[in-house]
Amino acid sequence: MALLKAGLCTALNNTVLENLRSVGIKTTLDFITKDLEAVAQQASVPYKDLLAIRRVILAQYSGFPLNGAELYDNGVLTMAILSTGCTSIDELLDGGLYTAEVTEVAGSIAAGKTQMCFTSAASVICKTKQNVIFVDTCGSFSAERISIILEENGESEPEQFLSQVRCFTAFDVYELIGALETIRHNKQRQMDPFFESLKLLIVDNVASVIYPILGGPQSDGQSLITIIGQKLKILAVEFSLAVLITNNLVSSEWGGTLSASLGRVWSHVPHTRLVILPHGNKHTAETPERETRREMMIVKSSRGPTNKCCNFIIASSRLSSVR
Amino acid sequence: MMDTQRELCTFPLAPNHKLKLSAAGFQTIQDLKGIKPAELCKDTGLSLDDSEGVLNTVNVAEKMHWKSGGRCGLSALDMLHEEQSLPGIITFSERVDRMLGAGVPLCKVTELCGEPGVGKTQFCLQLAVGVQIPEVFGGLHGEAVYIDTEGSFITERLVDIIAATVRHCEHISQKEHNEEFVEHLKSLTVEHLLTGIHYHRCHDYIQLLAIVHLLPAFLKNHPKVKLVVIDSLAAPFQHDFEDFSLRTRILTSVAQNLVKMAAEFKISVVLTNKMTTKLNSSGGDSGAHLVPALGESWGHACTVRVILHWEGNQRMAWLYKSPSQTETTVPYQITTGGIRDIIMEERYQAENAEDETPVKQQKLS
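If you read the sequences in order, they're chains A and B.
Per the numbering used here, the first sequence starts with residue 1, numbered consecutively.
Per the numbering used here, the second sequence starts with residue 1001, numbered consecutively.
Worth double-checking, as some hints may not be accurate.
[What the hints assert, rightly or not] Here are some of the chain B residues that sit facing chain A, going by a computed Cβ distance under 10 Å:
(1) C1009
(2) P1015
(3) H1081
(4) D1160
(5) L1219
(6) P1223
(7) L1251
[Claimed, not checked] These stretches of chain B come out as covered by chain A in the derived footprint (C-beta under 8 Å, 3 or more residues):
(8) 1028 to 1036
(9) 1050 to 1060
(10) 1129 to 1138
(11) 1258 to 1272
[As the list claims (entries may be wrong)] Below, in silico cross-link-like pairs of lysine-lysine (DSSO-like), each with a Cα-Cα straight-line distance of 27 Å or less:
(12) B:K1033 - A:K231
(13) A:K34 - B:K1020
(14) B:K1063 - B:K1033
(15) B:K1020 - A:K187
(16) B:K1042 - A:K26
Please keep in mind that the hints were generated in silico from the structure rather than gathered at the bench.
Yeah, the Cβ is synthetic: ideal placement off N, Cα and C, and Gly gets one too.
Using the sequences and the hints given, assemble the complete structure.
Okay, structure coming up:
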């Protein structure tokens, strides 16, 4: 809730504002939670004026009900399913990445998380001719790799597509929030044609900016995690973007089972969570060459059944499906 | 500026400042629009200095995104051109270079993991010399920052490698008969190459953190630096830590700082890491195996990871993780002159007989 400011409506002038401040009403939230009759007496502001101010504030800040049929029509109109560029993963996801959803891919080191991001980006820019934003938090973005994937997809001139991808770098949590705010701002302003046809937002990797602030004596970290989650969801739902994020797969504190990191609060953020299962790839000297074959499992979905699996391989060209 | 609705708690402000701001009703950046430090000081009870500080932080953070490219991101096309124009630092082993793309990449953090004696430090020394090769000979003509945490930096060894590098360049210039080469050779002396390495010795993790935080200023003053080596990153973090979550926090923030530096200054950052034994909790076949130290969360931090290991009598470099290159394993050897390819042709060996004798045989297994 914002600070009360003069000029919000005619009744709210500087003298009224001063009077309200003197009784401890500073924000709109303070204002609407107080009993107006009491305020009128204490701050010596006419009751009628206070009512008028309240009406304006409520009208400005409240949400409006939308009926289901409208919501559905709207959803059908704006929804898109974007192919990830790999048939078996598309099947697992019931078509691909849905707009208005946050999809998370969790995997251990070198599991193929970034490769999945690149393959999806390449597929969106050349098949659906939409734009992609890549927020890079760990220096993993490689335009050359995307260009190679495009070439393998049969595009003879990959360079013409590459201007449809933009990359933001964000190496700490504040920069990440700044980048998300920037994207929202540009979407709202509708000045830059690039953001008009933006359909996919990739954040690779969320965990690397959150680890440095997680835990410890200050509780700041948890609140920042919640804010990042909120902002990703707002971008996805309000602007009908497909959001693809990556997370790390770590073993729980006592060893044993592997699960996505960042804890329980974060696990509510993604609508769909995919896990790239470790393929028994111990990095020992005896088995230096790991398999390029990986298995992916869907562990959370707001739409379909979970715990389904699919196989894919990381070819030198891109991800491709295996039966 | 300041036309977004960003919450004040998402700016890097001190917790007590955040509290005071929110108590006074300041919640989003909109609330700070057009406000003077004196007014903020009166409204929130922050001191004048602190008020100025808060407004400054918020302004700077917002401006960052107005900076070139920040507001609307960089197009991948521009980045492709940039990536293609950036050379790598050569290791003198062609196969290792090819495995990594074109040598150790700039703008990225590369981690070398391996058992003792497999050649991590040799790689670091080789790169610290390789980065200084003049552009006419296909190098970067840069300088190196060498952060030594273990005391394994041996100047005599470095001189060996430098001497071999100088010989290599002389060889090229003799073949080519080019005036420019001869000109550059004059300045290419052992002393000159030694001065191009800025050596820092550090004994514990606090010193290491201090160096990492001071590095950006150092890099600004020494724009020629193209390589930062930390040999090894594992050593200061392997003991003295009772709180493992603290260790993870420090390590990951060091990693993010280095990733940022690499991208900002277009330098290459090379770290070394040790191997440690991991017990199979499932009680699997082997019971235990070797994995890179510093834990799983750390493993995600570096952009490129190379694992050095023995295969019989053979040193192997295994590209384990890379966003752009395929996973491969290639053999290499360490000679008096540094890291080299293994070349089977006898002719070559005869030619370089005095130069290329392996210095270290495989230890007893």
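In terms of beta carbon proximity below 8 Å, does the stretch 1028 to 1036 of chain B have 3 or more residues touching chain A? holds (count 3)
At a threshold of 10 Å, is the proposed contact between L1251 of chain B and chain A supported by beta-carbon distances? holds (8 Å)
Would you say the stretch 1050 to 1060 of chain B counts as covered by chain A, given the rule of at least 3 residues with C-beta under 8 Å? Since three or more residues must qualify, the claim that chain A covers the stretch 1050 to 1060 of chain B is violated, with 0 doing so at under 8 Å.
Restraint check, 10 Å cut-off on beta carbons, for P1015 of chain B near chain A: holds (6 Å)
Measure nothing beyond the straight line between the CA atoms of K1033 of chain B and K231 of chain A; if it is 27 Å or shorter, mark the hint as holding. Holds, because 22 Å separates the two Cα atoms, which is no more than 27 Å.
Given C1009 of chain B as an interface hint, is the shortest Cβ-Cβ distance to chain A below 10 Å? holds (6 Å)
Establish whether the coverage given for the stretch 1129 to 1138 of chain B by chain A is satisfied; the threshold is a Cβ-Cβ distance below 8 Å, and no fewer than three residues must meet it. violated (count 0)
Proposed interface contact between H1081 of chain B and chain A, which counts if any beta carbon pair is under 10 Å: Holds, about 8 Å.
Are K1042 of chain B and K26 of chain A close enough, with their CA atoms no more than 27 Å apart? Judged against 27 Å, a Cα distance of about 13 Å means the pair holds.
Examine the stretch 1258 to 1272 of chain B: at least three residues should have C-beta closer than 8 Å to a C-beta of chain A. Coverage by chain A holds here, the residue count being 4 at a Cβ distance below 8 Å.
May I ask you to test the interface hint for L1219 of chain B with respect to chain A, counting a Cβ-Cβ separation under 10 Å as satisfied? Violated, because the Cβ-Cβ distance from L1219 of chain B to chain A comes to roughly 15 Å (cut-off 10 Å).
Using 10 Å as the Cβ threshold, decide whether P1223 of chain B counts as touching chain A. Given a least distance of 20 Å, the restraint on P1223 of chain B is violated.
Hint compliance for this structure: hints 4, 5, 6, 9, 10 and 15 are not met, and every other hint is.
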